[in-house]
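Engineer: Chain residues, written in single-letter form:
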Amino acid sequence: MEDNNRQSPIFMIRGFWWKFLSGLLLLYAIIAGFIIEVPDTMIQETIRNLFYHVGMWFGMFTMLITGFVFSLLYLRNFDEQKDLVAVEAVNVGLVFGLLGIFTGMIWANFTWGAPWVNDPKLDGAAVGLFIYLAYMILRGSISDVYKRAKVSAVYNIFAFVLWIVFVLIIPRLAGESIHPGKDAAPVLPMHLAPSMRIIFYPAMIGWVLLGFWILEIRVRIRRIKWTIDD
Amino acid sequence: MRLSKEIQALVGKEIRLELKQKYVINGILLYLVATIFVTYLAFESVITPETWNSLFWIILLFIAVNSISKSFIQENPARHIYYYTITSPQAVALSKIIYNLFLMAILSVLSFVFFVFLMGNQVVNIPLFLLALILGSLGLSSVLTMVAAIASRASYNFSLMAILSFPIVLPLLGALMTISRTALSGPDWSGMGVFIAILLIINLVVIILAYVLFPYLWKD
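Note that the protein sequences, when read in sequence, are chains D and U.
Residues in the first sequence are numbered from 768 upward in steps of one, following this note's numbering.
Residues in the second sequence are numbered from -17 upward in steps of one, following this note's numbering.
Keep in mind that the hints are not guaranteed to be accurate.
In silico contact screen, one side only, chain D against chain U (beta carbon under 8 Å); selected entries [stated by the list, open to error]:
1. Leu905
2. Ser908
3. Val928
These are calculated hints, taken from the structure and not from any lab test.
We put the beta carbon where it would ideally sit given N, CA and C, even for glycine.
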């Protein structure tokens, strides 16, 4: 049991149930998301993208927070396993981020008439991508394993905090954003129609769990490689 | 207080070092003059307040990256070990930030003067613009000092400094450009409080982060 605890779960979640739950929720979100009646608003049927595009944002955000937390944990006792989780969390977060931008572009093309518009929210997403791609390049340019872990953990913490300032504070204080989600909490549209809410919330949980699932697999692959290299 | 004494001594050391190796500061000054002159030749005929503003801050960003990137590679690594034995890492970080703040304040005022000399003055509200310059110097020096410390630990190159710093400098630059756009358009101060607050928050966050994180970069 002790050994199993060290080997597989990254987080406090034990067992497989949450992976099945993730699959079920996402299946539900994809099937029901396309067949339910949606309210006839200005953006019409494209509102269904809410279940997928916002899910990418949720997934990215939880992954980047995970990376941030594990970088902090790494600096506490310099355990390489923590660094490994941090880098993989950022990797998964980057994939979610790219997919989020991609789904957002499809949506924007329909609703705003162009795949990319100059907007504080979109800038925040792009800056996030630049920061984490730079993080990967920083890691690549340091060959010593311990130094790499330490320096990149410092950059991750530093950049994440500044990115949060950029994404969460500045559009609220300064910019006039055409991207929704300004008045309510950043990602919880309280004014959502009840018929959509019963898909939206399960879908978000599903995406977040999927992120952790991918993260767990990636970390295990890394650990196996690590052991083989040793 | 011990920390402030150490910082004083280290800032003094930085200044003496800079005066001793004059070619570094002369190089930065020449970079400043040459960049602005090239910009003048390229943009002379199309200059509007909007382009004036954008060009000025982009040039200042490049000057800042160029002059601060040397912070941790100018001296022999062995000497860093010596500093490590006699001072606290926080003192080193804060002294570098303070020194770079002085440097950036001087460089930004010089760039402003030279820019106005060549491109003509577009600034209406000079006090507001100078405030933006001071807050900008503080923000750029603290963010870039921290990034220079990170980049100096990697196999160092200039592009690494740029790719690490540009995305995280953006919020700062955005707020600065908004303030200075207002300073260019009229004597009005209204609505500026928010942006000044944003800049102060960013500066505070960066300095706290530098204080907390620098010891990890310092030790091998």
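Engineer: Look at each hint and say if it fits the structure.
Structural biologist: Consistency of the hints with the structure:
1. Evaluation of the Leu905 (chain D) hint against chain U yields a held restraint, the C-beta minimum of about 6 Å falling below 8 Å.
2. Taken as an interface hint, Ser908 (chain D) checks out: its beta carbon lies about 4 Å from the nearest beta carbon of chain U, inside 8 Å.
3. About 6 Å separates the beta-carbon of Val928 (chain D) from the nearest beta-carbon of chain U, less than 8 Å, and the hint is met.
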